[in-house]
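Chemist: Going down the list, the sequences are from chains A, B and C.
The first sequence begins at 0 in numbering that gives the first Met the number 0 and counts up by one.
The second sequence begins at 0 in numbering that gives the first Met the number 0 and counts up by one.
The third sequence begins at 0 in numbering that gives the first Met the number 0 and counts up by one.
Worth flagging that the hints you see were computed from the coordinates, not collected in a lab.
Keep in mind that the hints are not guaranteed to be accurate.
Restricting the straight-line Cα-Cα distance to at most 27 Å, the calculated cross-link-like pairs of lysine-lysine (DSS-like) are [what the hints assert, rightly or not]:
1) A:Lys64 with C:Lys38
2) A:Lys46 with C:Lys94
3) A:Lys82 with C:Lys273
4) C:Lys38 with A:Lys46
5) C:Lys94 with B:Lys17
6) C:Lys94 with B:Lys187
7) A:Lys46 with A:Lys61
8) A:Lys64 with C:Lys13
9) A:Lys61 with C:Lys42
10) A:Lys82 with A:Lys64
11) C:Lys229 with A:Lys38
12) B:Lys376 with B:Lys312
13) C:Lys89 with B:Lys17
14) C:Lys89 with B:Lys187
15) C:Lys303 with C:Lys257
Simulated restraints, written as ranges between beta carbons of each label pair [said to hold, decoys possible]:
16) B:Ala44 with C:Glu126: 51 to 59 Å
17) A:Gly65 with C:Glu311: 40 to 48 Å
18) B:Ala232 with C:Val11: 52 to 60 Å
19) B:Glu224 with C:Gln285: 53 to 61 Å
20) B:Asn229 with A:Glu94: 47 to 55 Å
21) B:His202 with A:Pro63: 29 to 37 Å
22) C:Val309 with B:Gln183: 51 to 59 Å
23) A:Leu45 with C:Lys257: 29 to 37 Å
24) C:Ala183 with A:Trp9: 42 to 50 Å
25) B:Lys243 with C:Ala183: 52 to 60 Å
26) A:Asp26 with C:Ala7: 26 to 34 Å
27) C:Glu264 with A:Leu45: 46 to 54 Å
28) B:Lys243 with C:Gly212: 43 to 51 Å
Just so it is clear, CB atoms sit at the ideal spot from N, CA and C, and this is done for glycine as well.
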Amino acid sequence: MAKSENELTWQDLEPGCIVTTPGNTTDYKTGDWRSQRPKYNLERCLKCGVCALFCPEGCINKTPKGYFIANPYHCKGCGICAKECPAYVITMEEES
Amino acid sequence: MSKRIGIETSLAIAETVKLVNVDVVAAYPITPQTHIVEHIADLCANGELDAEYIPVESEHSAMSACLGSSAGGARTFTATASQGLELMHEVLYVASGMRLPIVMAVANRAVSAPLSIWGDHSDVMSCRDTGWIQVFVENGQEAVDMTICSFIIAEDPSVLLPFMINLDGFHLSHVIEPIILPDQDEVKAFVPDFNYKYRLDPHNPVAMGDFATPAIFTEAKWANEVALTNSRAVINDVWDRFYKTFGRKYQAVETYKTEDAETLLMTMGSFSETAMTAIDAMREQGRKVGLVRIRLWRPFPFDDIYEAVKECKNLIILDRALSAGGPAGPVASEVKAALYNKSVKPAIVSIVGGLGGRDIHVSDFINMVDIGEKAIKNNDIKPFEIYGVRG
Amino acid sequence: MEDYNIFASRVVTKNEPLAPGHRACIGCGEVLAMRLAAKAFNKNTIVVNATGCMEIIASQVPYNSWRLPWIHTLFENAAAVASGIESAIKVLSRKNRIPEEEIHVVALGGDGATVDIGIQALSGAFERGHNITYICFDNEAYMNTGIQRSSATPFGASTTTSPAGKKSIGQSTWKKDTPSIMVAHNIPYVATACPSYPFDLMEKIEKALSTNGPSYIHIFSVCPTGWRTKSDLAIRLGRLAVETGVFPLYEVENGVYKMNKIETELKPLSLYTKPQGRFKHLNDDQLSAIEARIHSEYEALKEKCELTQVREDM
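Next up, chain A with everything else stripped away, as it sits in the complex (with noise of 0.2 Å):
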């Protein structure tokens, strides 16, 4: 993980605060940001995919079994892929 900024002295940065490993978000954690999680009733999942592909975050992967899964490091629970699952498989319940 890269230092943080709140670490980096001005002898860290490269010139012009260039980045030099790009896609190092994916260190950043957005999960905590959830209010709702996506609770899963995989037996009725097509394995479509189409949850992956219209979550905001792109955090949803797919499984060895072919399930696609949010990854909770990254999902916000914003409850696109709830509302646009075609099986109904996805709720939404509140974070504890």
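Let chain A serve as the given structure and place chains B and C on it in line with the hints.
Modeler: Positioned in the frame of chain A, the structure of chains B and C alone reads:
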């Protein structure tokens, strides 16, 4: 072989852009800069310069296209003046903040209103703090030589900062002078290729232009400040090497007949040559006067200025710009600030003149010295004197 | 997904040039549009981002979400920066300083960056004919600064600078027809798209990138924060915008218009406006008047398709 020819300074700068093999030029016409980019367009059209010439729809886009081109790894040049420089103002900070080594010639001109197409330094004085390396040239030869050196300095991996070459509009931009244009091979050997480590390259992706929170903004600004201050060593080195290769010597601050001088004039830009003639005339009358010319404006040459003026009693500084409602002309303000904490320093008189293209002759410089010496003698130094205003 | 086989999702590339961990609002339709567009980018793509939501959420020293070369400079100049990059690539490859290969330059901007402050730079770049693709993610207001109206805000929408009130209907001007302005530049490819129709969107991006010359795509992007809707409605509302005629999907290839989804009967406008807080002050009469204009514009667009198609056939 280099050749000595009679050529307009603007065209000579364009020819130099060809000599350093610039890759991209993005520019918008504005008087008195236009001859530079017109001639570059000609050179491209004739196949003499293999560059992309982008005829943008505004100066804002000129500098923006330069950002893209420089970030793409291309050697990049543009030129502007006055309102054009003001229109690209916000982009100037981005060029330095993102460390993109764009070179720009500015044919200095007054800023509206009233509209004036004629020369003074008002345009560039609003750009003092944009983070660019900035020089003022005195003549056509220097314009050529500074242009050659500017690319080496700007593109040096330890510098990576944009470079502004200021030349007086009309008084210099439109003057035909005998100028030595170096040979293409000589320049090629002297100016290394631009090899930007971080260019936008799909094979090695980087992200440029992230935003910074308060937690890191100060560090980002300080990193740039250190780079700008440290560029002085590279500037000295390149000018030294230029002297060894081409035989013409340039320093951040130049002095003329300053030994034993009690009163020094200080100028910046092409009027310095007239000022030298005035010094000669006064010396003939037995007056102990000399001249200090500032070439490097950013990074500001604090030590060089102090060295140049520490022995004199009176210092009379000419500014071709008015710092509205401020303490003095911009150059005088900075010199005063540079000397304030020194225990031995001259009395300083700030004179603002030569605005909007008004000429300053030898007799005017002599007059300024008279005005300055009198004010100091009578202990009647005003924040600044406006020279030659009627009424 | 009614028009497509739902299983088509599985053949979409796994490639995610936009990494997760970005800081877009919950349920953001714009970042989804950007993510889908990015999936259709070739790996030889350089991304230029105007200042705005999409720039702020993807970048913050020392982080960046883009796995492609990416540059942000200012608000109004993305098209000009893209011109410079395209020119650099052209000359450096001509001079054999970089490998000769096709590199796409794609500029991204929000509606403010595109249709207001950046329209001059965009018009200049298109007129000069640079081989660039410009994508406008239109969420119909300045959302990054707090929901101020832009010239892309629809008539009647309440924003913080066009608030609805006793003497105000909200936005009092009609949405600027930006795709038509782009068509007027005689560029080879202009299209509209919406992430609710992901395959259409991705096909258009691919088409734009493979176009030789300037191309423009205007993407309708639902903003739950600015439109005051629930966070799970981005796809539904995008679909309704198309089905009600608010945002028709079409493309213009070398001046020839083609509708990509023709509605035989437009759905009632209220289905689209009702879930949105920005329209909640509108009464039935006002809605009907707006709907009438939408319908007449829809007909005009269909006519344009027929006329230009006939011209093409001749």
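Chemist: Honestly, which of those hints from before does the structure not fit?
Modeler: Per hint list: 2, 16, 27 violated.
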